[in-house]
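S.K.: Now for the letters of each chain:
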Amino acid sequence: MNKRYTISVFTENFIGILSRITLIFTRRGINIDGFTASESREEGIYRITIVVHTTEEQIIQLSKQIEKIIDVIKAFYYLDDEMVFQEIALYKIPIDNIDSGLERVIRQHNARIISAEKDFVVVEMTGHKEETQELLEVLKEFNVLEFVRSGRVAVAKPMETIDKYL
Amino acid sequence: MKDSQIRGAEIVIKSLVAENARYIFGYPGGAIMPVYDALYDYMDHIQHILTRHEQGAIHAAQGYARVSGQVGVCMATSGPGATNLITGMADALIDSTPLVCITGQVASHLLGTDAFQETDVVGISMPATKWNIQVRKVEEIAPAIAKGFHIARSGRPGPVLIDITKDAQTAMGEFNYVPCLNIRSYRPYPKLDDKAIDRAARLINQAKKPYVLFGQGVVLGKAEKALEEFLDKSGIPAACTLLGTGAISESHPNFVGKLGMHGNYGPNLLTNQCDVLIAVGMRFDDRVTGDVKRYAKQAKVIHLELDPGEINKNVKCEVAVLGDCRISLEKLTGKVDQRTHPDWIKAFRELEAEEKRVVVGNDLSPTKVGLTMGEVVRHINEFKSDDAILVTDVGQHQMVAWRYFEYKTSRTQVTSGGLGTMGFALPAALGAQLHDYNRQVICVVGDGGIQMTFQELGTIMQTKAPVKVVLLNNNFLGMVRQWQQLFFDKRYSFTELDNPDFIKIAEAYNFRVQRVDVRGDLRQAVAEMFVHEGPYFLEVVVEKEDNVFPMIAAGSSVEEVRLS
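Protein sequences, first through last, are from chains A and B. Position one of the first sequence corresponds to residue 1 (the UniProt record's numbering), numbered consecutively onward. Position one of the second sequence corresponds to residue 1 (the UniProt record's numbering), numbered consecutively onward.
Hint data in this document are derived by calculation from the structure and do not stem from the laboratory. All C-beta atoms, glycine included, are put in the ideal place defined by N, C-alpha and C. Heads up, none of these hints are tricks.
Reference listing, derived: stretches of chain B covered by chain A, where coverage requires no fewer than 3 residues with Cβ under 8 Å from a Cβ of chain A:
1) 122-131
2) 179-185
3) 303-316
Based on the sequences and whatever the hints tell you, model everything.
M.R.: Here it is in structure tokens:
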């Protein structure tokens with residue numbers, strides 16, 4: 001049965017590591033739903049967060065194949081309820097269409113305006129995909145010129161840290 | 001600039017010397033020229049073998065690595081030189097062969113500009129290497145080579161690629177070689193779990209029909225003796241994969257034969273009758289399992305394996321014994337009961353007798369007019385020495401030679417297993433021979449495959465490597481033709497070859513030659529080949545439309561192995 005999994009990969013900062021990781025998915029024809037990379041708590045160690053829809057059997061194999069990459073320190077995989085995660089979304093809305101309804105929508109969704117320019121404002125919201133998607137649907141009446149959503153950032157609920165693998 | 005500084009190109013060579021590399025198999029070109037220039041001063045320290053094509057260089061490095069157990073080294077220039085190595089890298093990756101490949105690259109300021117002979121070889125080779133790196137600074141050359149050797153040879157071995165820009169080769173730097181022994185993110189030897197050993201031993205001791213399958217992991221882990229001792233004590237019958245062949249002598253009383261699509265009848269069939277299946281250093285390739293959904297479903301599987309990625313990949317196991325199989329086997333031997341399995345082994349011997357009656361007899365001692373590949377191998381067995389190395393290409397001749405060659409010792413079998421690379425044999429045989437000029441190296445090859453790397457006859461000529469080339473010529477791409485006959489209604493689409501006069505070609509390369517097309521001349525010709533001291537080329541014209549049996553058709557179950 002397909003479920004949504006998040007793989008957390010800890011890697012050395014090595015050129016080409018992202019290509020090597022994504023090749024593991026492309027070779028097996030698995031679509032990557034979300035991908036983010038940043039430096040982790042440890043200086044010089046990068047943390048890559050990958051979201052995929054797949055089976056448990058497949059996610060185990062994917063994690064093992066990722067760990068086979070020389071510069072990968074460790075790969076963990078989790079179901080959604082084993083993680084605390086967020087995504088960020090930005091919505092660009094033209095000034096012309098703004099009325100008091102926008103304030104209500106922003107308040108209701110815990111969003112905020114992070115930039116107001118001559119012709120448009122940019123609304124920002126963090127949350128799960130379902131939540132940012134819902135705001136997109138609501139904002140459509142104000143004519144969303146541009147929309148972008150980040151990949152997932154996530155921390156795991158289990159109290160295991162990367163330290164023991166270093 | 002300090003006096004102690006040397007060019008990056010010289011650092012490349014000194015690093016290879018520091019790693020005790022004996023040979024570089026390579027081909028020069030623009031972007032690697034500084035290294036070739038440096039090599040000119042080091043000819044007493046390291047031998048360079050100039051092949052006739054980069055693919056020949058890497059297959060020769062593979063042959064050398066497989067026989068010697070050392071890391072094979074090959075070198076090429078950028079662009080086409082580098083891309084010509086790719087097939088060999090893919091082959092070495094799937095067959096776990098340790099290689100360090102060094103390629104020249106355009107100068108770093110030209111990277112990404114589509115400069116002459118620029119290609120993104122790091123990108124192209126990514127899925128075909130265990131690790132790769134581009135070096136653009138002189139001070140990074142030695143550390144990259146040190147890391148490359150460590151990665152290539154440790155854990156599950158594999159090919160690495162080090163791509164060095166031309167400006168890094170010409171820049172000056174200090175040479176201070178520090179071997180790489182540890183990489184923080186890389187754990188090549190997983191820690192053995194003693195509980196897994198206990199559970200495995202318990203299963204084995206309770207088993208009525210235990211069955212051992214062993215692969216190349218036994219050879220790579222130097223576990224030949226440990227396996228033999230395990231088999232001696234446990235009394236369990238054992239069969240080998242293509243690349244595991246020779247790990248223990250075929251005359252061992254527990255050895256029951258070979259696995260896979262064209263393996264032996266009993267070992268395949270009885271896979272679905274054992275109750276405990278002990279897989280040692282093998283990866284359940286689809287050519288071994290047939291239809292995996294109908295593979296050993298009745299059995300509890302114990303998997304001794306170094307690579308965690310192989311556990312439960314193709315076949316689910318009851319007990320995974322992760323780790324070096326030599327240590328695992330030694331520990332298991334300590335815990336299993338001393339037993340014999342006479343009835344169970346008899347079941348194998350009965351099926352072996354049936355295979356002999358239906359297949360082997362006709363292959364080895366045919367009564368029809370046309371010569372068989374099998375009878376050629378029978379005569380090779382008659383004259384070869386015990387430590388002779390058999391190098392084969394891919395196809396019918398590969399399967400027949402593998403089935404009938406009498407393997408006595410480890411590392412005597414060199415073939416392209418996982419990738420099935422036609423053209424592998426001739427250069428690989430050269431590499432195998434260079435490991436030891438005094439060992440017999442027999443290169444059995446088909447008329448299709450030999451023409452893919454024919455040019456390496458020139459390298460054999462130049463090195464005077466006394467390779468014995470046995471060309472089994474049926475004027476067909478025989479294995480494909482066999483499939484066309486069996487599964488495509490005899491529609492022989494592009495499998496028949498109009499061949500050149502192979503003898504004239506081999507003669508032009510200074511080989512002693514012989515062509516045999518009647519049975520009466522065969523034995524004498526093989527005898528003469530072994531007596532001759534230099535390179536020898538024996539062409540045997542065999543029956544055009546012979547088939548290799550037994551066979552498990554693609555998608556069939558191991559129990560559907562057919563004898564005809």
